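Here are the chains, one letter per residue:
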Amino acid sequence: MTPTPEHLLIAPILLPLLAGALMLFYEDRRAKRVISLVAAGLLPIIAFALLDRAEAPSGGTEVRLYLLGDWPSPFAIVLVLDRLSALMLVVTSVLALPALVFAVAGWDRQGQHFHSLFQFLLMGLNGAFLTGDLFNLFVFFEVLLAASYGLMLHGSGPLRVRAGLHYIAINLAASLLFLIGVSLIYGVTGTLNMADLAVKAAALPEADRGLLRAGAAALGIAFLVKAAMWPLCFWLPITYMAAAPPVAAIFAIMSKVGVYAVLRVASLAFGAGAAHSAGLGAELLVAGGMATIAFGMFGVLASQGLGRLAGCSVLVSTGTFLAAIGMVLLGGGTPMLAGALYYMVSSSLALSALFLMADLIERNQGGVAAMLAVTAEAYGFGDEELDADEPTAELALPGTMTVLGLCFGACALLLAGLPPLSGFVGKFALLSGMLNPGGLGAHDATASPLALGFTALVIFSGLAALVALLRVGIQTFWVPSEEEVPKVLLIEIAPILALLAVTLAITVEAQPVMRYMQATAAALHRPEVYVEGVLGAPRVQDGEEAVEE
Amino acid sequence: MELVLSLAIGVLVASGVWLLLRPRTYQVIVGLALLSYGVNLFIFSMGRLRVGGSSIVEKGAVVDPAAYLDPVPQALVLTAIVISFATTALFLVVLLASRGFTGTDHVDGKEPGE
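Read top to bottom, the protein sequences are chains A and B.
Last residue of the first sequence: number 711 in the working numbering, and the count goes up by one each step with no gaps.
Last residue of the second sequence: number 124 in the working numbering, and the count goes up by one each step with no gaps.
Keep in mind the hints are simulated off the structure, nothing from the lab.
Remember, predicted model here, so these are calculated numbers, not experimental data.
Using N, Cα and C, we set each Cβ at its ideal position, and we do this for glycine too.
Heads up, a few of these hints could be off.
Here are some chain A residues pointing at chain B (derived, C-beta under 10 Å) [as the list claims (entries may be wrong)]: (1) S318; (2) Y348; (3) G349.
Over the 10 Å line for every Cβ pair with chain A, so calculated as not near, a few chain B residues [claimed, not checked]: (4) M11; (5) L17; (6) P33; (7) R60; (8) V61; (9) G63; (10) I66.
What follows is a set of in silico ranges between Cβ atoms, one per label pair, in the way DEER data are often shown [stated by the list, open to error]: (11) A:A379 x B:S25: 22 to 30 Å; (12) A:P234 x B:L102: 36 to 44 Å; (13) B:S25 x A:G467: 38 to 46 Å; (14) B:A77 x A:H687: 40 to 48 Å.
Modelling step: build the complete structure from the supplied sequences, incorporating the hints.
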């Protein structure tokens, strides 16, 4: 039988690319919306199909390969699907669809190419998760960053342009560091393929190891700028606050791309297998991650507006994830990594919902309305045109404040990590995995001071989120106000409800989800499986020759 | 040749970093451009320095890898040049938009002391 290449693997990259390119030819907004929604609606289907494949290994290997152009594996570009990348693809697609639906409710009117940029962003994200070599990681990072620059500026206005200026400048500088790191690693090891790198790095002569570590450090800093680790994070809260809400909602996954890259490269090249450089920079990750949590925590407490609060919560979420990864690299064990992954999924969903909700809640508090007015002016829209385009109120939501209040409460529970929602499950799994590496009930562990400090920080950051969100909640929902109830359309609340429903689903189905996370974490602890899978990949041509014989 | 190249990279990167930290947007963009030149030279140098080597293998002939240059860094440089060119152009647009909105070319959108 001829082994067919798994073309489905490249679909998450090609589909948004084609959809985004196609939309450039349409002036009509309705056509754009249809194309964009169809593409974003297909993505979760593809992502879940890929998740299914990643979960059911066949042919003795647990990773699936797509050799572009059918060149032999370590020399050319490969796409690699393993459990981790499939998980990230699913999270991205699940976040993308609600954000897009929310944008269709009105935000996409603010600029020309919102839908194309959004699709290109998805392409960059999916590519970064699927790629198997470092330079392509750079290229996909640039694709997603270039799209994010455009999306960040979507809607224009002085605040966005100023925040965008800083955001672009720091990311351009980080990209240059990325290039230095990649080329240094190539100069030392002669390879860009991550699996090949894991092999070559382990066998590197002593004299070259310093250069390899320097390259990895430069690379790590570039990733950490994207992941917004303290002290590289000061751009994040203002950027996320200034971005249009649907854009901020999809940006919630973007800071996770940096963490994903750290996790991927560190577990392959600097995991337990790489004897001489094992755990490189892990202490730094722990310290930086914990500092990020603390910084985000104070930011959450000090925030006045909900947008800024959500931005600071992103810092808390990535900080927790980063510190957990650092501890895993120091030998934290599988249960902790599984908990961290679950926490990452849950908090990304909650943050995305919170960004969308911030728009609805603050709609009649002046800020956004003022921004909209400026935007309209900047784009030369007349008032009439905006009014004519305004959707009629027939789909407006009954009992607006009740529904909004319930959603807000759910978000607060998720971010603070209180039962019964998935935020609690994630934090509990993370902390219990750290404190009981041997599993629950095995009373063998004595918690290190570091672990206790991390536990305290995670719990206090939850408390801070709770306090800050309660304050906002009381001001918004309980204080009798003379302000009008915000006009919320059904199509605007539906994405938030959908996101929260997903968190509910992963709470109810916590067991299978957790089992998947544990398998993912276990696979990350065995990089040799990934390496063998990538380096031993059969080419299609070889298979055909074998059939002919 | 090594000395000249490393000096060139060093000077480009040093002036790039200095300009990047300046308060005017135009200085920042020139700084980013200089930095990207320095980085491109650096990538190029990672393929090892050699004069007169070819990087494209002739068809049919027996190939001695030692006689050829490493083509990968050259491909990387090309990609990096294209990407940094595009992003710099984008940055220029944002810079002009910021100038238009705020009336100043300070990176914070307002003059210090205002």
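>> Name the hints, by number, that the structure is in violation of.
In response: Those not satisfied: there are none.
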